[in-house]
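Residue numbers (the numbering used here), protein chains in the order written: chain A, 1 to 211; chain B, 1001 to 1278; chain C, 2001 to 2252; chain D, 3001 to 3217.
Because the hints were derived from the structure by calculation, they are not lab data.
Heads up, a few of these hints could be off.
To be verified - Below, computed lysine-lysine pairings styled on DSSO-like, alpha-carbon distance capped at 30 Å: (1) B:LYS1201 / B:LYS1039; (2) C:LYS2117 / D:LYS3206; (3) D:LYS3006 / C:LYS2086; (4) A:LYS30 / B:LYS1009; (5) C:LYS2117 / A:LYS30; (6) B:LYS1009 / A:LYS116; (7) C:LYS2147 / A:LYS30; (8) C:LYS2225 / A:LYS116; (9) C:LYS2147 / C:LYS2117; (10) C:LYS2225 / D:LYS3206; (11) C:LYS2027 / D:LYS3006; (12) B:LYS1115 / A:LYS207.
As the list claims (entries may be wrong) - Derived list of chain B stretches under chain A, where covered just means 3 residues or more per stretch with a C-beta under 8 Å from a C-beta of chain A: (13) 1023-1034; (14) 1161-1171; (15) 1194-1207.
Bear in mind that the values here come from a model prediction, so they are computed numbers and not experimental data.
All C-beta atoms in this analysis are idealised placements derived from N, C-alpha and C, irrespective of residue type, glycine included.
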Amino acid sequence: MAYPTAILDVIGLWTGWVLMLMIYSYPLYKENVAYRFAEHIFVAIFLAINLVVNFTYLMNTCVTPLLGGNLLMVVPLILGILIYTMLIPEYRWVSRYPIALLVGAGFGLGIRGAIKPSILDAIVSTITAPSAGGMMDWVNFLYIAVGLVSSMLYFLLTYEHTGLLQPPTRIGRLFIMIGLGAYFGNTVLFRFTMLTGRAQFFLQVLKIIPM
Amino acid sequence: MSDQNIFDKLQNIDRRVFYWVLFITLMVPFVRPIGLPVKVVQNTRDLYLGITGDNVKPGDIVIMNFGYGVSAWSECAPGFTVCAKALLREGARIVFMGSQYDVELSFNKLKNDAKADFATKEYGVDYVFLGYFTGGESAIAQLATDAWTVYPADHYRTSVSDIPMMQDFHGWQDITLVLSSDTGDVGSYFLRQWQAAHGTKLAEIGIAMNGSTDYPYYLAGNYFGLSIGSRGGAELEVLIGEPGEATTAMDSINASHLLIVLAVIVANVGYLLSRRQA
Amino acid sequence: MTFIMLILTFAAMYYYMYLGKQGKVFKVRTLPAIQAIPEAVGRAAEMGQPVMWTPGIAGGLNDSTQGPQTLAAISILEYVAEEAVKAGVKIAAICPLPDALALVEETMRTAYMSQGKPEEFDIDSIRFFSGQSAYMTGTLGYLQREKPASTVLVGGFYYEAVVIAEGGNAIGAMQIGGTNNTHQMPFLVATCDYMLLAEELYAAGAAISGNPDMLGSIKGEDIIKWLLVAVTGVGFLLGVFHINFVADLLRM
Amino acid sequence: MSNILKREVVFALTGVVTVLMFVEYFFFPQDWIVTSTIRTWAVIIYNISLGLGGIRLIQQHIMGTQRRRENWQFSALFLVAFVIMFLTGMWGYLGTGVATNNGIYSWLFNNVYTPLGSTAYAITGFYIFSAAYRAFRARNLDAALMLIAGCFVILSNAPVGEVIWSGIPVIGEWFRFVGQVPGMRVFGVVGALGMIAYGFRALLGKERGFYAGGAEE
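One chain only, chain A, in its complex shape (with noise of 0.2 Å):
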């Protein structure tokens, strides 16, 4: 992209720009004015958004289908609407009937959804062994077949970590511990790309380096 010429654009640039600062000031300096006056914008303006893009979405699905004749349209309308009875005191109650709903789908998806790739096919592939393969496919046949098993015990909830328990569910939790080191690690590329990314606009808007 070239620096933008127009007006419009350049002011919108340093406007970018200023306001990174601001958010920026929080973990480089404190919690001070300008933080707080970019965070006041950014609060409004996400909400506005989210409000209009909302809308939109409510009338494309919902609205428009209901006033070309899906009259099933007019039942999730009306809850939708009914969770605003949380404003009534008295009538508080109603809202509780689209959350149900809600609550409803979210176990009904999440438990059916889980129980295959999360438990099944997990266990499975632990225990596949590698058909071929040299030696390192064995070891790490291994590594994960016992890491599974110990670090299941460590979640036993019902049994203390005591007695016969004690040696198995420690090294389950030194497995649970490389698991989360690995995804640590993993997380901090995909973040500093993001800093980097603004690292650069910082420098690009200054004309230091070509946009």
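Given the structure of chain A, go ahead and fit chains B, C and D onto it with the hints provided.
Coordinates of chains B, C and D only, in the frame set by chain A:
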């Protein structure tokens, strides 16, 4: 506090010091590039091979999904851009779509970054921008069976029946391959609803954070190729021979990654020494 | 197999809940994060500062992976709120999920009511932010301005986890974290004093209640875990000899 | 009667929806029209509920401004920014069908919302650094393992790792693709079990997270 020795101090450095050092470390390489070589790994190479040469013929239709928003540009856009360039050069026709509501900005950036390639192509004939979709996995499933119901019109509100290229795209049978670049889950929707269901060729231009969850799918052959994070983007830029944003960013990535490891080492040296003294 | 597994799990939980109702006592192992809640509230009372609770923004109640976590977080909020009301400590509930807002409000209201102080409930103690980045910036601002003594960060978190938790760390708050989102666990582990990992988040409400049949359901879960351990063990040993009987069975 | 409406019917509705989802999963090879309709409804309800949050947030800032609470100037700023953005967006949408067709909305979207979004997203980079600095400390064997796994993965992700030592990417990749597998799988297994158990208790009316205050005893 005055009896703190250097080791104790090392352990308790004000976090703002880190933040400054980090931010400056990220900036310096942009001004003074170092240019360490980037090695191309197999999963990235497979992705590139899969979208070039005999694997794509002129006129083939390809879907490219923007599963990332503006905030993830630095991670996803470079790889995505290289793929779009490569596909356009092969003469493929591309359907662009996206799951983030700032998708238009990402599309505009792509057109800008691959200006020369888009210049020779005609909208509606060689590529089309369908815009934003909602509805998650069921929308992607529906796209495979009846694309026109998901997108009755393109992003600019032109009815798909008036777009020449869309006459050849009704469902999964018409698509040669799908490329998805995601911060969220759309790639996995394509995996289940297209790749697993119909055997469509699929590749992911993923964020680094999802690298270890995406990789098994690459090994299992669900993804014919996989680019991981901005580093994958830099590798793709090496493959196409046009250093771009990701290559430039790699120096910063190198410097910052080295910095964090050095900081951890320093903290640990301080910790171990102060424990020994105590 | 999924169906059998579901029935088996439900049956095991139901059976042990039944035993619990019959008077059998089940003990849940010590969960330090739960034991730390009164301490966190006590700290806030001593310092005269509020306690902050927030459930993360990963998804609404109808989301299959995040919704249940949000509910589990609200179960914990109930306990935190009751303890706080007892101790006369203010609670700030920062809830970025609009559909959960009603539940949070009810939970807080009930906590005040059950402690006989309904008049002290202040609707302003519940804050809403729309959108992830706005939620994050808003919460950071709150942390520095109000300086809560303790924070309870439980529920479905996304990338805001590390920011909010480090923000809390910077003001020296005592922090209790908990999530089932694998990719955010390392950050909460790194920044919180106590942590509810995965299943522990869901079990927390039951553990707090001490209710025998609730504890029974946890016993039921443990029985299933033993079963899975056995299946994995046997499957592994057979797998070594390339007998894929168990794997095939599970794939059914 | 009122308790039935306030409590039992709510339970029943939740239970029925949950069971319908199961029925679809186990007995319908494709989407079932009943449940897919319910899912669409759920998304719509969720969308409508955003307004409730909006009302609460706006209420708080109006009160803050009216009562001249501490920082009320910022509440006023919030209200002004909100009103401008909301009205211009709605103007654009109602007038042309696309919100971004309004110049002001579109300008604010591109130059305020977008950079602020990227900025806030990237702020995690700072915090992840200080979190690593404090967490990655070899206090005991557990922490040491986390530290080693973390550092190898970090270095293997950047090209510089290989320049330092060719073994780094090899070890790093082992941690990424094998080392972390048991940990990640166990979270999947026990997390799923925990969720099922929580759902089971909730459907039986034991968990109070959902039915908080439902009885109003």
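Hint check results:
1. B:LYS1201 / B:LYS1039: Holds, at roughly 25 Å.
2. C:LYS2117 / D:LYS3206: 25 Å, holds
3. D:LYS3006 / C:LYS2086: OK: LYS3006 (chain D) and LYS2086 (chain C) at ~27 Å, within 30 Å.
4. A:LYS30 / B:LYS1009: 21 Å, holds
5. C:LYS2117 / A:LYS30: 37 Å, violated
6. B:LYS1009 / A:LYS116: Not satisfied, since the Cα-Cα distance of roughly 50 Å exceeds 30 Å.
7. C:LYS2147 / A:LYS30: 13 Å, holds
8. C:LYS2225 / A:LYS116: 15 Å, holds
9. C:LYS2147 / C:LYS2117: Cα-Cα ~25 Å, so holds.
10. C:LYS2225 / D:LYS3206: 22 Å, holds
11. C:LYS2027 / D:LYS3006: At roughly 33 Å apart (the allowed maximum being 30 Å), LYS3006 (chain D) and LYS2027 (chain C) break the hint.
12. B:LYS1115 / A:LYS207: 22 Å, holds
13. 1023-1034: Our answer is that it holds, as 5 residues pass the Cβ test (under 8 Å) against chain A, meeting three.
14. 1161-1171: violated (count 0)
15. 1194-1207: violated (count 1)
Hint check: violations occur at hints 5, 6, 11, 14 and 15; the rest are consistent with the structure.
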